[in-house]
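**Student:** Here the structure of chain A is known, so what remains is to put chain B in place on it, guided by the hints.
Which chain is which? The protein sequence lines are A and B, in order. All residue numbers for the first sequence refer to my numbering, where the first residue is 3 and numbers rise by one. All residue numbers for the second sequence refer to my numbering, where the first residue is 3 and numbers rise by one.
Treat the hints as calculated values from the structure; they're not laboratory data. This structure is a prediction, so every number in the text was calculated from the model and none was measured. Hints may be right or wrong, so weigh each one.
Note that identical chains are pooled: a pair holds if it fits in a single copy or bridges any two copies.
[To be verified] Cross-link-like lysine-lysine pairs, in silico, DSS-like; alpha carbons within 27 Å at most:
1) Lys365 / Lys30
2) Lys358 / Lys390
3) Lys29 / Lys317
4) Lys256 / Lys29
5) Lys117 / Lys317
6) Lys52 / Lys301
7) Lys30 / Lys256
8) Lys29 / Lys213
9) Lys108 / Lys30
10) Lys301 / Lys178
There are 2 protein chains.
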Amino acid sequence: MKVAVMGYGTVGSGVVEVIESHESVIKKRTGGDILEVSHILDLRDFPDDKHQALFTKDFNDILNDEEVSVVAETMGGVNPAYDFTMKLIKAGKSVVTSNKELVAQKGLELLRAAKEHGVNYLFEASVGGGIPIIRPMDQCLAANNIIGLAGILNGTTNFILTKMIEDGMTFEDALKLAQDNGYAEKDPTADIEGFDACRKVCILASLAFGKHVYPNQVATEGITNITLEDVSYTASVGGVIKLLGQIRYFDEDKISAFVSPAVVFSGSQLANVNGVFNAILVRGDAVGDVCFYGPGAGKLPTASAVVADMVDAAKHTKRRKIFGWDEGSENYVVDHKAVLKNPFYVRAKASEGEIKKLFGEVKFLKRIGQPSDEVAFITDAMTENELKTKLENTDTINTIRVTDY
Amino acid sequence: MKVAVMGYGTVGSGVVEVIESHESVIKKRTGGDILEVSHILDLRDFPDDKHQALFTKDFNDILNDEEVSVVAETMGGVNPAYDFTMKLIKAGKSVVTSNKELVAQKGLELLRAAKEHGVNYLFEASVGGGIPIIRPMDQCLAANNIIGLAGILNGTTNFILTKMIEDGMTFEDALKLAQDNGYAEKDPTADIEGFDACRKVCILASLAFGKHVYPNQVATEGITNITLEDVSYTASVGGVIKLLGQIRYFDEDKISAFVSPAVVFSGSQLANVNGVFNAILVRGDAVGDVCFYGPGAGKLPTASAVVADMVDAAKHTKRRKIFGWDEGSENYVVDHKAVLKNPFYVRAKASEGEIKKLFGEVKFLKRIGQPSDEVAFITDAMTENELKTKLENTDTINTIRVTDY
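Next up, chain A with everything else stripped away, as it sits in the complex (with noise of 0.2 Å):
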């Protein structure tokens, strides 16, 4: 069967690499078929690849060929990516995707139209890379109310917070690692400043409960103001700070779904969730906690997850899987800080008996050089904004809620 794939970067050349290496297992899954890449499209020159043959500028060389009924979408971006797919869903082929930010944006309108023409839009690979996801959950789905999601959701903030954990770094040193080692771009703003995160949590969240979530309604917040002195006084109570998405569901109007740095106590599965890697934790009403984990990231982990989902719509090309949502109401998404309730972390310049006189008994955290005004503690229960009203007139450094998953 003929396929071709958009976008010739890191897992756009790996989706080549998998499809070329794995010819015999591929065959095994599809029944006898092979992927045969019949175009590659990418505005850049590759001199030294080896599949000068397939290269194309022109994305109706794709379009036009009625011989191509798969596609692999991994441009990244909403443009031209989401004109290309829609085209090519018209045009009676499938398409599958790495591409978080377009399925975050307009997977509602694609997965009508691939409904409508009866083709596939997968994007296992949008989500945890190579992890398993969309379809475990969709399993899990079957028979369990899903209350709600948490996850690692991106693997550059992960390996920095684990750098700054584990080894004492700054932010800035764990950053510049990250970027030396090609786990950060050189723009790190979507990642460090949540983004990247925010779109997998719309994704998760609109196949969780079947109602779009699009990323302006998701509140994100990144790592930039973590600090080693917050790390020291969390891992004093074998706490570590992760940046999680979490989602939660109330009822058929209404969820919350949001980003942010959450101290993670020691007996979580995240807790434990390491350097580039991402977990999800699915919580269902019978089965509990699952938990999924692996590389969220990385050439041939995601370009395994993209070529899965082609091996899948080459087997079904004329059957659609059920992945679809519909649009969500205006406030389907409510505001987190107003409704759930966590612990908090908090550190402020103050005494304790000052805090003492706000909070009542507080567990208060130490750290090896901590000034004599400087306290840091952990809240009971409550929510973000009775928080700030009681910290109104506090010195406060920074706070963190405190997960329950």
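**Tutor:** Only chain B this time, still in chain A's reference frame:
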């Protein structure tokens, strides 16, 4: 759609409960259909149960009811479950099961019969309880050559080992606590001798590599030889002792598969799986290591996996899932003791000098209360047969393989 449940024990009664309590979720997944339990087969009486009208002691009531198209087999054991399942399949009914013993012993025949009769035989709940593993593995397999698998597959033994490691309980006390908590049977043999884990290894190996592996091909060692002394020594170097099922692929005609205690070091995702939880790690050549974690047993988690399979079978009454495998050759599972090289933990009555003569420079471990004539150490990587030869004339107390997962 009418369905039946055979065996009204813990899992079977959970299946009925999940079907009744999750009607709206199930409806969504089937596209409008509900599952309606029309028969419950059990030889026992349940006078206080509200489903009196559904109980039957006669299997033929299910077999001959043409309206029943999906049956959950939650009886356990090979007989009469095998006979019943085969008859149902031949009558054109799909069967889903949590019965690992039956799948491990008779999976090949039942899957062949299901194929022949155009129905499904699904068994997600037979490995890892509520953890989705069969389908995710299927997904991983589509674009990966699986190199190996390792799993904590039995919650009872993991609970016992966790209590020994975390609370310093003896094996006997931890076993008693497991029994008091309902985690272990009165006769705990199947768990503590590793037979339960062995069956799950058979299913995982059969699925991963396409050839049936039978329980008698899987060398199986339980945890009854593990003592608090072993726990202390391994803890001194950041290791924990876990009962692992380990599977390794060599080539199409050669795998290893065995169950034994193993030393797991703290970097591993398997090291932090505690209590009754299970985890399965799959190592693929493209994706790397992915790990699936969750409740490995329990009424509702396992039942939710059974019901998810029922939903799947209900959606695909006229279309078979691809699960299936062939007969393996006689020497398909090789003697892992002869081929697999790993470091080993060794505890012996000997002097450090004697050990150095046999093993060269090794890492000696220490524990509080260590007798002066006792040593414990970690060897270099070697086969278990090589280790045995080296220790031929040493008064060895225990040896445990260090896993590379």
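**Student:** Next step is simple, just say for each hint if it's right about the structure.
**Tutor:** Status of each hint after checking the structure:
no. : hint            : result
1   : Lys365 / Lys30  : neither (58 Å within a copy, 46 Å between copies)
2   : Lys358 / Lys390 : within (16 Å within a copy, 63 Å between copies)
3   : Lys29 / Lys317  : both (11 Å within a copy, 26 Å between copies)
4   : Lys256 / Lys29  : between (44 Å within a copy, 21 Å between copies)
5   : Lys117 / Lys317 : both (17 Å within a copy, 18 Å between copies)
6   : Lys52 / Lys301  : within (18 Å within a copy, 55 Å between copies)
7   : Lys30 / Lys256  : between (44 Å within a copy, 18 Å between copies)
8   : Lys29 / Lys213  : between (36 Å within a copy, 17 Å between copies)
9   : Lys108 / Lys30  : between (33 Å within a copy, 23 Å between copies)
10  : Lys301 / Lys178 : within (21 Å within a copy, 49 Å between copies)
The structure fails to meet hint 1 from the earlier list, while all remaining hints are met.
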